[in-house]
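Residue numbers (my numbering), protein chains in the order written: chain X, 1 to 112; chain L, 1001 to 1113.
Be careful, since some hints might not be right.
Said to hold, decoys possible - Here are some chain L residues pointing at chain X (derived, C-beta under 10 Å):
(1) 1022
(2) 1065
(3) 1093
(4) 1100
Claimed, not checked - Calculated pairs, DMTMM-like style, for lysine to aspartate or glutamate (alpha carbon to alpha carbon, straight line, at most 20 Å):
(5) L/1015 x L/1101
(6) L/1015 x L/1051
(7) X/68 x X/95
(8) L/1078 x L/1098
(9) X/99 x L/1101
(10) X/42 x L/1044
(11) L/1011 x L/1057
(12) X/99 x L/1044
(13) L/1071 x L/1051
(14) X/99 x X/71
(15) X/42 x L/1001
(16) X/42 x L/1003
(17) X/49 x L/1098
(18) L/1011 x L/1001
(19) X/49 x L/1044
(20) X/99 x L/1057
(21) X/49 x X/15
(22) X/58 x L/1063
(23) X/99 x L/1001
(24) X/99 x L/1052
(25) L/1078 x L/1024
(26) L/1078 x L/1057
(27) X/99 x L/1098
(28) L/1078 x L/1051
(29) X/49 x L/1052
(30) X/42 x L/1024
(31) L/1078 x L/1044
Claimed, not checked - Sample of chain L residues at the chain X side, in silico, Cβ under 10 Å:
(32) 1003
(33) 1064
(34) 1087
(35) 1091
(36) 1101
(37) 1103
Derived from the structure by calculation, the hints contain no laboratory data.
For every residue, glycine included, the Cβ atom is placed at its ideal position computed from N, Cα and C.
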Amino acid sequence: AQSVTQLDSHVSVSEGTPVLLRCNYSSSYSPSLFWYVQHPNKGLQLLLKYTSAATLVKGINGFEAEFKKSETSFHLTKPSAHMSDAAEYFCVVSDSSYKLIFGSGTRLLVRP
Amino acid sequence: EAEVAQSPRYKITEKSQAVAFWCDPISGHATLYWYRQILGQGPELLVQFQDESVVDDSQLPKDRFSAERLKGVDSTLKIQPAELGDSAMYLCASSLWDRGEQYFGPGTRLTVT
């Protein structure tokens, strides 16, 4: 069965410093992987997705993620954090029926 | 930009009462999803519709939960009777087709007292 593990429940960074949100996946076949962001009182928004094309995926708002099959990882990064990046981030894998399986989330805090 | 609409945004109900949530997907989206997100966890799919037909309700507690999408457009999720453990955020999402990008609504936060 497909699953994702988000390694940190909370990450705190200073504004202007790099962001790293870690995600490991488990899949019996080549997976489709996603990162979603959830701001308070707003719906989940797709940041980026990997579907077996380029291993480095660029998303919205300066985020990117790299698919590493050997490490079964799909970590989310951003070179410079902005206050507006403070939110909950979910790593997601889709199963063979295209059902989305969500991780437990990482709350990103950005300090001024 | 078109959005998925949900109402109410917040609902407080007593246990054993009935409660209903409404979702209006993006116009033209054939696939509609209901998710439940318990505090501190990721969303979990409850039910998926393709037009007016249920294609996956394997995680829906059918003894108390029901969902319908009668005309293949908007949808209602009902809980009767509500239990304390049903307190959660209920999210609706829609997509053009069953493999398309899912667009999420703002959710309904349910508190059962």
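Results of checking the hints against the structure:
Taken as an interface hint, residue 1022 of chain L does not check out: its beta carbon lies about 15 Å from the nearest beta carbon of chain X, beyond 10 Å. Against a cut-off of 10 Å between C-beta atoms, the interface hint on residue 1065 of chain L is violated, since the closest Cβ of chain X lies about 18 Å away. At its closest, the beta carbon of residue 1093 of chain L sits 8 Å from a beta carbon of chain X; the interface hint therefore holds under the 10 Å criterion. Evaluation of the residue 1100 of chain L hint against chain X yields a held restraint, the C-beta minimum of about 9 Å falling below 10 Å.
Taken as a hint, the residue 1015 of chain L and residue 1101 of chain L pair is broken in the structure, with Cα atoms around 35 Å apart against an allowance of 20 Å. A C-alpha spacing of about 32 Å is found between residue 1015 of chain L and residue 1051 of chain L, which places the hinted pair above 20 Å, so the restraint is violated. A distance of roughly 18 Å separates the Cα atoms of residue 68 of chain X and residue 95 of chain X; the hinted pair therefore holds under the 20 Å criterion. Restraint check for residue 1078 of chain L and residue 1098 of chain L: the C-alpha separation of about 23 Å exceeds 20 Å, so the hint is violated.
A hinted pair counts as satisfied when its Cα atoms are at most 20 Å apart, and residue 99 of chain X with residue 1101 of chain L qualifies at roughly 11 Å. For a cut-off of 20 Å, the pair hint linking residue 42 of chain X to residue 1044 of chain L stands: about 17 Å separates their Cα positions. Note on residue 1011 of chain L and residue 1057 of chain L: the hinted pairing is violated, with a Cα-Cα distance of about 23 Å set against a maximum of 20 Å. A hinted pair counts as satisfied when its Cα atoms are at most 20 Å apart, and residue 99 of chain X with residue 1044 of chain L qualifies at roughly 10 Å.
Restraint check: the Cα-Cα separation between residue 1071 of chain L and residue 1051 of chain L comes to about 8 Å, which is no more than 20 Å; the hinted pair holds. Restraint check for residue 99 of chain X and residue 71 of chain X: the C-alpha separation of about 23 Å exceeds 20 Å, so the hint is violated. In summary, the hint linking residue 42 of chain X to residue 1001 of chain L is supported, as the alpha carbons are separated by about 15 Å, within the 20 Å threshold. The straight-line distance between the Cα atoms of residue 42 of chain X and residue 1003 of chain L is roughly 11 Å, inside the 20 Å bound, and the hint therefore holds.
The straight-line distance between the Cα atoms of residue 49 of chain X and residue 1098 of chain L is roughly 16 Å, inside the 20 Å bound, and the hint therefore holds. For the hint linking residue 1011 of chain L to residue 1001 of chain L, the alpha-carbon distance of about 27 Å lies beyond 20 Å, and the restraint is violated. In summary, the hint linking residue 49 of chain X to residue 1044 of chain L is supported, as the alpha carbons are separated by about 19 Å, within the 20 Å threshold. Our distance criterion of 20 Å between C-alpha atoms is met by residue 99 of chain X and residue 1057 of chain L, whose separation comes to about 12 Å.
Only pairs whose Cα atoms come within 20 Å are accepted, and residue 49 of chain X paired with residue 15 of chain X is rejected, the gap being roughly 25 Å. Between residue 58 of chain X and residue 1063 of chain L the CA atoms are separated by roughly 44 Å; this puts the pair beyond 20 Å, and the hint is violated. This hinted pair does not check out: residue 99 of chain X and residue 1001 of chain L have alpha carbons roughly 25 Å apart, beyond 20 Å. With a CA separation close to 18 Å, the supplied pair residue 99 of chain X and residue 1052 of chain L stays within the 20 Å bound.
The suggested pairing of residue 1078 of chain L with residue 1024 of chain L holds, with an alpha-carbon distance near 15 Å, which does not exceed 20 Å. With a CA separation close to 14 Å, the supplied pair residue 1078 of chain L and residue 1057 of chain L stays within the 20 Å bound. Our distance criterion of 20 Å between C-alpha atoms is met by residue 99 of chain X and residue 1098 of chain L, whose separation comes to about 9 Å. About 19 Å separates the Cα atoms of residue 1078 of chain L and residue 1051 of chain L, which keeps this hinted pair within 20 Å; it holds.
Our distance criterion of 20 Å between C-alpha atoms is broken by residue 49 of chain X and residue 1052 of chain L, whose separation comes to about 28 Å. At most 20 Å may separate the alpha-carbon atoms for a hinted pair to count; residue 42 of chain X and residue 1024 of chain L meet this at roughly 16 Å. For the given pair, residue 1078 of chain L sits about 17 Å from residue 1044 of chain L by alpha-carbon distance, which is consistent with the 20 Å threshold. Of the supplied interface hints, the one on residue 1003 of chain L holds, with its beta-carbon coming within about 8 Å of a beta-carbon of chain X, less than 10 Å.
Checking residue 1064 of chain L against chain X by beta carbon gives a least distance of about 22 Å; that is not within 10 Å, so the hint is violated. Residue-level restraint check for residue 1087 of chain L is violated (minimum Cβ-Cβ distance to chain X is 17 Å; threshold 10 Å). Proximity of residue 1091 of chain L to chain X holds as hinted, the smallest CB-CB distance being about 7 Å (cut-off 10 Å). With its C-beta approaching chain X no nearer than about 6 Å, residue 1101 of chain L sits inside the 10 Å limit, and its interface hint holds.
The interface hint given for residue 1103 of chain L is met, as the beta carbon of that residue sits about 8 Å from the closest beta carbon of chain X, less than 10 Å.
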